[in-house]
Structures are given as C-alpha cells and as structure tokens.
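Based on the sequences and whatever the hints tell you, model everything.
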Amino acid sequence: MQTLSYWKRLFSNSYTLECSDILLVGRDFEGSIVSGPGRIENDGSSSIRFSMYGTAADGGAAWRKMISARENPYDALEQFGLFATDYEGNEWAGGYTAVDFFTDHKHGWPLAGELQGLSTKVTGPWVAKDSSVELLFLPPFHLPMNEWMMTTTTRGDEELGGSRGPGRQVIDVLGTRVVFANDLSEDGLWLTADTSDQLRHPDAEGWLSEPLRILMGAIVYPRLTARNFGDGSAFVTLLPAPRQVTPSPFGLMQPMGLDRTHDERFWQLYADILSMVAAGDDTADMQNHEVTRLYEELWQAQRGSRWGILLTLASTVEALAKSLMSEGDRRSEFSDDTLKAMEKHLRAWDGDAALRGRMLSNLGFVKQHSPLAFLRTLAKAGTVNPAHVDTWQKLRNSVMHGEMAAPWSTAEGDQHVHELIALVHDLTRARIARG
21 MQTLSYWKRL FSNSYTLECS DILLVGRDFE GSIVSGPGRI ENDGSSSIRF
71 SMYGTAADGG AAWRKMISAR ENPYDALEQF GLFATDYEGN EWAGGYTAVD
121 FFTDHKHGWP LAGELQGLST KVTGPWVAKD SSVELLFLPP FHLPMNEWMM
171 TTTTRGDEEL GGSRGPGRQV IDVLGTRVVF ANDLSEDGLW LTADTSDQLR
221 HPDAEGWLSE PLRILMGAIV YPRLTARNFG DGSAFVTLLP APRQVTPSPF
271 GLMQPMGLDR THDERFWQLY ADILSMVAAG DDTADMQNHE VTRLYEELWQ
321 AQRGSRWGIL LTLASTVEAL AKSLMSEGDR RSEFSDDTLK AMEKHLRAWD
371 GDAALRGRML SNLGFVKQHS PLAFLRTLAK AGTVNPAHVD TWQKLRNSVM
421 HGEMAAPWST AEGDQHVHEL IALVHDLTRA RIARG
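My numbering numbers the first residue of the sequence shown as 21 and each following residue consecutively.
It is worth saying that the hints were derived from the structure and are not from the lab. Mixed in with the good hints there might be a few duds.
[As the list claims (entries may be wrong)] Per label pair, the in silico range of CB-to-CB distance:
{"hint": "1", "residue 1": "ALA442", "residue 2": "GLY422", "range": "22 to 28 Å"}
{"hint": "2", "residue 1": "ASP150", "residue 2": "THR266", "range": "29 to 35 Å"}
{"hint": "3", "residue 1": "GLU50", "residue 2": "GLY195", "range": "39 to 45 Å"}
{"hint": "4", "residue 1": "THR266", "residue 2": "GLU50", "range": "40 to 46 Å"}
{"hint": "5", "residue 1": "ARG350", "residue 2": "MET170", "range": "54 to 60 Å"}
{"hint": "6", "residue 1": "ASP217", "residue 2": "ASP357", "range": "45 to 51 Å"}
{"hint": "7", "residue 1": "ASN110", "residue 2": "SER346", "range": "48 to 54 Å"}
{"hint": "8", "residue 1": "SER268", "residue 2": "ASP150", "range": "16 to 22 Å"}
{"hint": "9", "residue 1": "TRP327", "residue 2": "ASN33", "range": "38 to 44 Å"}
We put the beta carbon where it would ideally sit given N, CA and C, even for glycine.
Okay, here's the thing in structure tokens:
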C-alpha cells in the first residue's frame with residue numbers, strides 16, 4: 021500500500037483546500053500574529069497560494085511584523101510562518117512566506133501569498149506500514165524500464181484493443197531496492213524505496229531525484245512526497261513542480277536509447293550517482309550535492325544567451341576540476357624552498373613598487389597547481405580529451421574577460437559548445453567514480 025495513493029486523487033490536478041483557520045506566526049517569542057479562515061490553492065503544477073481574511077490580536081504588532089518582513093526579504097526568520105487547519109481536521113504547515121494585502125483592507129486583514137510547500141502528518145490504515153519514502157512525479161516523464169505494463173480493453177468477450185508501455189524498473193543500491201513505476205492511469209511516475217542504514221530519513225526523499233537532474237540535465241522534482249516512518253504515520257508534502265520535464269543537451273545521459281545496453285548503462289549511472297550523493301559532504305545541511313547544483317545552473321543557463329551558456333559551461337568545468345583535486349593535486353610543481361627564494365628575491369628588489377607588488381601577487385598563483393595544469397594531467401591519463409581542454413582554455417580566457425560570443429549559431433560556436441559539454445560529462449564521470 022502506498023500512502024500517496026490517497027493524496028494523488030486530490031493533488032494530481034488543481035485543487036483548493038478550504039481552511040477553517042489559517043495562522044500566521046512570527047518568531048517563537050512573537051507567537052501568533054494573524055489568524056482567520058481562508059483557502060490554499062494549487063494549480064496542479066508549479067504554484068501554491070493562500071488567501072485569508074485574518075484578525076490581528078495586536079494590530080500594531082502585526083503592522084510592525086509586516087514592515088519588518090518587507091524590509092528583510094532575504095531573512096526567512098523575519099517572514100511569516102503559516103499553519104492551517106482544513107475543514108476535515110487535517111493540520112498543514114506551509115513554511116515561511118511573504119504576505120501582502122490582496123484587496124481593500126477596510127474589514128479585517130485580507131492577506132495572500134505564495135507557499136514553497138505544504139506538509140501534514142497523517143495516520144490511518146492507508147499509510148504504508150514500512151519505513152520508506154515515496155515520490156510522485158506529476159506529470160510523468162519518460163524513463164527506460166525493463167518491465168512492461170500492458171492493458172487490454174474488452175467489450176463483453178470481444179477484445180477491442182490494448183496498449184503496451186514501460187512499467188517498472190528496480191535498482192539495488194544503498195542496501196535497498198529503489199523502484200520506478202508508471203502509474204496505472206499513466207498520469208504519474210512513482211519512485212519508492214524502503215529506508216536502510218545508507219538511505220535514511222529525512223535525506224532519502226531529496227537524494228532519490230538528484231541523479232535524475234544530472235542524467236537528464238533538467239529540473240526534476242516530485243509533486244508529492246511521503247516520508248513513511250513505519251509506525252502507521254507519515255509526513256506528506258505537496259511541492260511546486262515543473263509543468264513539464266524535458267531532457268536538455270547538458271544531461272549526462274539521455275534517458276531514451278535504442279537498445280537494452282543503453283538502458284542498463286543509464287540505470288547503473290543512476291545508482292552510481294545516488295551513491296555519490298549519499299556519500300557527499302552536503303548532507304548535513306540538506307543541500308543538494310555540488311554536482312547536482314552545477315547541472316541545475318546549466319539548465320538555467322540554456323534560457324539565456326550563447327555567451328551566458330559558454331560562461332556557465334566554462335565555470336562548471338573549473339568547478340568540477342577543483343572538486344576532483346586532492347591536496348597533492350593542488351600542490352605546486354615548484355618546491356617550497358624555490359618559491360620562498362623567489363619571494364625573498366622579489367621583496368628585496370628595489371625597483372618599481374607597483375610592479376613588485378604585481379609580481380608577488382602572481383607568485384601566489386604559482387604556489388598552487390592550477391585547474392588548467394590539473395586538466396592537462398587528466399588529458400595525459402586519458403580521462404578527458406586534450407582538444408576539449410584546449411577549447412576550454414581558449415574560451416575561458418575570452419568569455420571570462422569580456423569577449424562576447426556570437427549571439428547566433430555558427431559551425432565553430434556550436435562545436436565549442438559541444439566540446440565543453442563533452443568535457444563537463446567526462447569530468448562528471450570522473451567525479452562519480454571518485455564517489
């Protein structure tokens with residue numbers, strides 16, 4: 021039994037939660053600021069909004085909170101926290117939100133705002149019994165699967181037709197089975213896994229979709245998640261999600277291939293990336309893995325100019341190279357004694373002070389092995405293509421220093437983009453292999 025089966029019926033399309041009470045709170049010492057009835061609306065995809073007619077116990081304190089929230093838009097703790105109770109008695113938490121008046125406020129406090137998510141703790145016989153995590157992607161997107169799903173339509177004893185499509189894929193990784201399955205209605209994609217010592221709450225629900233963002237080079241987020249605790253209770257969360265998931269050229273491996281070998285490689289990469297994410301240093305603060313964040317930036321860049329794309333690709337190459345460099349890799353090829361002798365010589369030189377300062381500054385760069393030198397080493401080892409490193413060096417030095425790229429497609433420009441993408445992919449594979 022899957023916990024989200026119940027909630028999918030509500031949130032697969034646009035839906036409105038009518039609430040008997042919506043509570044806007046401040047910091048712990050501020051308590052409740054405004055309360056009153058209202059509604060929470062989701063458009064079935066990328067937007068969750070609330071509106072309410074509130075009452076403030078202390079109008080002056082409420083005004084001061086409103087002003088403080090507007091003056092400090094980047095401080096989440098200065099915003100309002102939202103809690104709501106719907107007419108069925110479900111209690112919801114909406115996180116921090118900025119609020120504003122949505123109409124004439126002669127009567128009460130008519131407030132509205134955007135929510136980044138909506139969570140509720142649930143219990144009941146329809147909650148999954150095992151400690152596990154469920155992700156439901158609405159709408160679904162195409163992934164290769166090795167088990168097929170077939171449906172047949174009949175009228176009486178007469179078979180009218182049928183359909184056949186991808187049904188399920190099971191992967192053994194991190195001490196558990198990760199299952200991808202298309203919903204029987206064909207309007208959703210499920211991703212589920214029991215927890216294990218390596219795949220644990222609360223990280224699991226974030227980790228499981230990160231490999232998809234790297235593989236597809238797209239923003240891939242679930243619409244609904246369930247964190248099942250194994251005691252008959254669960255946290256269910258509704259999230260804004262993209263209206264459509266389309267793989268981009270930046271993706272490490274396109275999901276649809278021509279043969280089974282491609283599919284096997286795709287899922288092996290998924291497992292390897294998930295293992296890398298779970299072993300990362302970013303898990304303590306619930307941040308996405310550094311490689312995931314780089315691929316999200318690439319996806320964002322594709323909506324910009326070709327110059328912006330080249331800048332982002334060049335920066336991604338450098339970031340990946342630095343992430344691969346060990347302390348030994350960062351060490352200069354010159355000995356400490358040689359570097360100290362050169363510094364002593366420069367400081368003793370009694371010529372132009374500005375030139376001496378610039379030379380000492382440049383010496384600081386020599387004290388560390390540069391990303392370019394490291395990429396040259398990788399090229400000699402066959403990890404990356406030497407020609408792609410040359411392209412990166414040329415473009416990095418030009419686009420980073422104000423030389424604009426042609427705003428239109430050219431044979432040379434397209435070739436440069438393809439080579440930089442290939443270099444990003446080679447470095448990503450090296451980063452995955454390192455774990």
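Structure-based check of all given hints:
1. ALA442 <-> GLY422: 22 to 28 Å: holds (26 Å)
2. ASP150 <-> THR266: 29 to 35 Å: holds (34 Å)
3. GLU50 <-> GLY195: 39 to 45 Å: Given range 39 to 45 Å: holds, Cβ gap about 44 Å.
4. THR266 <-> GLU50: 40 to 46 Å: Taking Cβ atoms as reference, THR266 and GLU50 lie about 44 Å apart, which means the hint holds.
5. ARG350 <-> MET170: 54 to 60 Å: holds (56 Å)
6. ASP217 <-> ASP357: 45 to 51 Å: Given range 45 to 51 Å: holds, Cβ gap about 48 Å.
7. ASN110 <-> SER346: 48 to 54 Å: The hinted range 48 to 54 Å holds for ASN110 and SER346, with Cβ atoms some 51 Å apart.
8. SER268 <-> ASP150: 16 to 22 Å: violated (36 Å)
9. TRP327 <-> ASN33: 38 to 44 Å: Holds - the Cβ-Cβ distance for TRP327 and ASN33, about 40 Å, lies within 38 to 44 Å.
Comparing the model with each numbered hint stated earlier shows that hint 8 is the single one that does not hold.
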